Amino acid sequence: MTSESVWPREIYRVLKQARIRQASYVPDAGHGQLIDLLHADPEIQTTVLTTEEEGVALGAGAWLGGQRAVLLLQSSGVGNCINMLSLVSACRFPLLMLVTMRGEWAEFNPWQIAMGRATPGALELMGVTTVRVDAPQEVSEAVSAAAAMVFDGDQAMAVLLSQRLIGRKQWEAR
Amino acid sequence: MSAAGGLQQLNRRDAVRELLRDRGDSLVVTGLGSSTYDAFAAGDHDGNMYLWGAMGGAALVGLGLALAQPRRPVIVITGDGEQLMGLGGLATISVKRPGNFSLIVLDNGRYGETGGQLSHTGLGVDLHRAAAALGFASAVELRQISELAGYRTELSKLTGGPRYATVRIACDSPPRALPARDGVYLKNRFRAGLGFHVDMTTE
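Chains V and Y, in that order, give the protein sequences. Per the working numbering, residue -9 is the first one in the first sequence, and the count goes up by one each step. Per the working numbering, residue 727 is the first one in the second sequence, and the count goes up by one each step.
A portion of the hints provided could be inaccurate.
[Stated by the list, open to error] FRET-style restraints, in silico, Cβ to Cβ:
{"#": "1", "chain 1": "V", "residue 1": "Arg82", "chain 2": "Y", "residue 2": "Arg823", "range": "28 to 34 Å"}
{"#": "2", "chain 1": "Y", "residue 1": "Gly919", "chain 2": "V", "residue 2": "Glu97", "range": "44 to 50 Å"}
{"#": "3", "chain 1": "Y", "residue 1": "Asp748", "chain 2": "V", "residue 2": "Arg107", "range": "36 to 42 Å"}
{"#": "4", "chain 1": "Y", "residue 1": "Ala859", "chain 2": "V", "residue 2": "Trp101", "range": "28 to 34 Å"}
{"#": "5", "chain 1": "Y", "residue 1": "Thr885", "chain 2": "V", "residue 2": "Ala125", "range": "45 to 51 Å"}
{"#": "6", "chain 1": "Y", "residue 1": "Gly919", "chain 2": "V", "residue 2": "Arg107", "range": "52 to 58 Å"}
{"#": "7", "chain 1": "Y", "residue 1": "Glu867", "chain 2": "V", "residue 2": "Glu94", "range": "32 to 38 Å"}
{"#": "8", "chain 1": "V", "residue 1": "Ala19", "chain 2": "Y", "residue 2": "Gly919", "range": "38 to 44 Å"}
{"#": "9", "chain 1": "V", "residue 1": "Gly111", "chain 2": "Y", "residue 2": "Glu867", "range": "41 to 47 Å"}
[Unchecked claim] Stretches of chain Y that chain V covers, calculated by requiring three or more beta carbons in the stretch to come under 8 Å of a beta carbon on chain V:
{"#": "10", "region": "787 to 794"}
{"#": "11", "region": "816 to 825"}
{"#": "12", "region": "853 to 859"}
{"#": "13", "region": "908 to 914"}
No lab work stands behind these hints, which were simulated from the structure alone. Quick caveat, the model's predicted, so the values are computed rather than measured. Yeah, the Cβ is synthetic: ideal placement off N, Cα and C, and Gly gets one too.
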């Protein structure tokens, strides 16, 4: 993304309201602003991962220790999480994923399309409820509602932030 | 069968019992397979979270726990095969530098649960050197019961981590010692032990 968007800051505000204390992510342009906000917050432990399933396990450990966690990832990383989601299912750990979608809107890279297309189905197969957001004004309400279900209802949920919302990836020299 | 002689390989049950002796308020996460049985055989405890799946995830569960509970020592006990599936996680733990975190890999160079096939460590890969190269604050290899007894002091510390230790063990498979498998029960028992009621969602 080349310009600042409002919705990442709204997600950050909602995560603070939801008393999130740990965040983890694999670096991602769509989540770039939010990642910076989280790292700047001394009340939130933010962990960079080498692969997304680490974040599923990390969040389970956080919950064992009494803290709420969020996992930020791209749709391509959802596939990496599949077997680790059995931890969430077997123990009914709360899990809040914020997924930036690739492969669905003005995508120039065909290699992103298979996992993007499979993302909602793969998550649902593993017991993760998905909520899709296409419009910026719907983001904060969707994340807030998901956080309530996750942490009050012991559910696993993924908010899918559509590629149209995030914007076309800029490939020209910056 | 204890490792009395210098070349006698450690029995895994003896090794884990020695590591968890006088564990104090340490919290323990165990990896899929024999490590879970070993920790249970050493004595069931509310502060034990036994993983029965999630292969490759034990160390990262321990990291999330260590960050949430900085005043409690967190000890992850797992096997070489389980850790090999999550090698990148060693880098993640290293950069986060949790002082109260220790990772013990019980290394027999084999996949015990699946019939004893050689693992990468059995084919020459050295995990404690990998952990050192990835930036763990300390990384050691332990072969003797007396070394394990000395290492217990390290495990009880809240600073100086993340620590890594390979414990070289024999390839034998002791009789199964099976803890509860119900994950929801194990999770709620663990949290209750820390003072979190089942319906109390956060600190």
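For each hint, the structure was consulted:
no., hint, in the structure
1, V/Arg82 to Y/Arg823: 28 to 34 Å, "holds (31 Å)"
2, Y/Gly919 to V/Glu97: 44 to 50 Å, "holds (48 Å)"
3, Y/Asp748 to V/Arg107: 36 to 42 Å, "violated (54 Å)"
4, Y/Ala859 to V/Trp101: 28 to 34 Å, "holds (31 Å)"
5, Y/Thr885 to V/Ala125: 45 to 51 Å, "holds (48 Å)"
6, Y/Gly919 to V/Arg107: 52 to 58 Å, "violated (44 Å)"
7, Y/Glu867 to V/Glu94: 32 to 38 Å, "violated (49 Å)"
8, V/Ala19 to Y/Gly919: 38 to 44 Å, "holds (41 Å)"
9, V/Gly111 to Y/Glu867: 41 to 47 Å, "holds (45 Å)"
10, 787 to 794, "holds (count 8)"
11, 816 to 825, "holds (count 4)"
12, 853 to 859, "violated (count 0)"
13, 908 to 914, "holds (count 4)"
This entry does not satisfy hints 3, 6, 7, 12, going by the numbered hints stated previously.
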